[in-house]
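Chemist: Sequence:
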Amino acid sequence: DFELRRIALDGGRGQRLVDGNAASPAISPDGHWVVTVPVERDSREIGPSFLGHTTGTLAVAPIAGGGAPAVLRFDLPGTSAMPAFSADGAWLYFTQFLNDTNFDDAIDGNDHGVLFRAAFRDGRVGPPEQLSSARSSCQYPVPSAARLVATCLVNNVLDVFSLPLAGAVPPAWTAAAAS
Numbered sequence: 034d035f036e037l038r039r040i041a042l043d044g045g046r047g048q049r050l051v052d053g054n055a056a057s058p059a060i061s062p063d064g065h066w067v068v069t070v071p072v073e074r075d076s077r078e079i080g081p082s083f084l085g086h087t088t089g090t091l092a093v094a095p096i097a098g099g100g101a102p103a104v105l106r107f108d109l110p111g112t113s114a115m116p117a118f119s120a121d122g123a124w125l126y127f128t129q130f131l132n133d134t135n136f137d138d139a140i141d142g143n144d145h146g147v148l149f150r151a152a153f154r155d156g157r158v159g160p161p162e163q164l165s166s167a168r169s170s171c172q173y174p175v176p177s178a179a180r181l182v183a184t185c186l187v188n189n190v191l192d193v194f195s196l197p198l199a200g201a202v203p204p205a206w207t208a209a210a211a212s
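According to the working numbering, the residues represented by the sequence shown are 34 to 212, in order.
Everything labelled a hint here was simulated from the structure, so no lab data went into it. Incorrect hints may have been included.
Pairwise CB distance ranges, derived in the manner of DEER restraints [said to hold, decoys possible]:
(1) ASP63 / ALA101: 16 to 24 Å
(2) ARG46 / ASP108: 38 to 46 Å
(3) ILE60 / ALA139: 28 to 36 Å
(4) ASP133 / VAL187: 37 to 45 Å
Quick reminder that beta carbons are idealized off the backbone N, C-alpha and C, glycines included.
All chains, full assembly: derive it from the sequences and hints.
Modeler: See below:
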């Protein structure tokens, strides 16, 4: 099984940060929180790195407390992945795979990703804000103090893009405005 541990530069066993299998850790800038992608085993006999799958959610845990992480649920269909904190820790950026865009009967990282962010405070998240279109399949968000960098697949070419921190979807595009 995976163990996410913080190990001092001088070595040693270190501190276990979360219980359970987890991937893609994102540490809040203040060092108090870790957000991960939980991983489940598909078999007891084969390790999760060879035969496992993500749960489709993100999880948050206080670094000081350890223990079982709390599941972060967004009011979105599909699978959440690739968490990243904004430089000030006020936002949690992530990729959401909303539907089965490659028609393989699974919603996973092989589908088109959409960038989202949600306000983050004290281990809780606000409602998600869409930052990109599924048409561009953007993934791997890396926010800086001034820009959001991500990979996007446009016209079958994968490239690295720099977007405003609020994304490329205009803030006026709301469900109310579409009605």
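Chemist: Evaluate each hint against the coordinates.
Modeler: Checked hints:
1. ASP63 / ALA101: 16 to 24 Å: Given range 16 to 24 Å: holds, Cβ gap about 21 Å.
2. ARG46 / ASP108: 38 to 46 Å: 40 Å, holds
3. ILE60 / ALA139: 28 to 36 Å: Holds - the Cβ-Cβ distance for ILE60 and ALA139, about 29 Å, lies within 28 to 36 Å.
4. ASP133 / VAL187: 37 to 45 Å: 20 Å, violated
Going through the hint list in order, the structure does not satisfy hint 4, though it satisfies all others.
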